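Following the hints, position chain B against chain Y.
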Amino acid sequence: DAGITQSPRHKVTETGTPVTLRCHQTENHRYMYWYRQDPGHGLRLIHYSYGVKDTDKGEVSDGYSVSRSKTEDFLLTLESATSSQTSVYFCAIRDGVNEQFFGPGTRLTVL
Amino acid sequence: SQQGEEDPQALSIQEGENATMNCSYKTSINNLQWYRQNSGRGLVHLILIRSNEREKHSGRLRVTLDTSKKSSSLLITASRAADTASYFCATEGSGGSEKLVFGKGMKLTVNP
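From first to last, the protein sequence lines stand for chains Y and B.
In terms of our numbering, the first sequence is residues 14 to 124.
In terms of our numbering, the second sequence is residues 7 to 118.
Isolated chain B, as found in the complex:
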């Protein structure tokens, strides 16, 4: 069963705008990760945030985690057409699970 649920399911923006995607989950986690998938390709790891972290940055990506609300957000600043992809959040359960549970993903379209 899916743990993470991305919101919105689809987002269309113009190049240069910021894109914010949200993920909600249900159980306690060790970490939460975001992945990107370009059409017809495998998923690519973007960023990992641990349960004791509140915010993390990587280039144009900013991830926040609110464990009290069981939610995370991924912000992509100054979006580019190349950011067009599907984005997934994935959670590793607390207690050192060997597995990740992925959400259903959301589609981001960045129009040039």
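Bound-form chain Y, shown alone:
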């Protein structure tokens, strides 16, 4: 899967708890992305990063924060999880042509 992993792969948590998802790449790509996928909505961009410590918001960034302290890791944090954040989360990395390579996904359930 293009040297990209996500952890955890599955998580169940309760409303109001903080959650951090990790994306790790071995490709040394500059760009990394976090998406969420929900039925009827397709894939929507949450945040992305264009370098270490350089991040920007996507379409659905409210309630999420990100950090990138080194090239290989991009963290997505839900400061206080809500049921509306139940979703499948995908991380992606980008090569020079803007083709994106996706991780296997994290299925998050917020009860």
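If you are wondering where the hints come from, they were derived from the structure by calculation, not from laboratory data.
Nothing here was measured: the structure is a model prediction, and the numbers come from that model.
Don't take each hint at face value.
[Unchecked claim] Straight-line C-alpha distance at most 20 Å; calculated PhoX-like pairs for lysine-lysine:
id, chain 1, residue 1, chain 2, residue 2
1, Y, K83, Y, K70
2, B, K75, Y, K70
3, B, K62, Y, K66
4, B, K62, B, K76
5, B, K76, B, K105
6, B, K62, B, K75
What follows is chain B alone, placed relative to chain Y:
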């Protein structure tokens, strides 16, 4: 907001038949890409077509792009049961956007 819109939303065909999926988009683009997603997996890049290209082939895949109509089509020839998946188009905005905007996807079922 979604840029691409796939059509039809679901398609069921028999093995050996051709499958055609369409994508319409709204704004000027640098390129358009097609991705496949098998159930429970991440998306896999299939093919990219630039705004100055009209047609591109890759194996059994043929992609066309009509920038005047803001539309693209993906043709899968001689389909196989293994082609059963969801297919997404994604657009990169003109001006060198760092982001892709994905459509909602369409489900292709190839019956053996």
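Okay, the hints, checked on the actual structure:
1. Restraint check for K83(Y) and K70(Y): the C-alpha separation of about 19 Å stays at or below 20 Å, so the hint holds.
2. Pair hint K75(B) plus K70(Y) does not hold up; C-alpha atoms about 30 Å apart against a cutoff of 20 Å.
3. Restraint check: the Cα-Cα separation between K62(B) and K66(Y) comes to about 37 Å, which exceeds 20 Å; the hinted pair is violated.
4. Distance restraint check for K62(B) and K76(B): the Cα-Cα separation of roughly 16 Å lies within the 20 Å cut-off, and the hinted pair is therefore satisfied.
5. Distance hint between K76(B) and K105(B) is fulfilled; the C-alpha atoms sit about 18 Å from each other, no more than 20 Å.
6. Restraint check: the Cα-Cα separation between K62(B) and K75(B) comes to about 17 Å, which is no more than 20 Å; the hinted pair holds.
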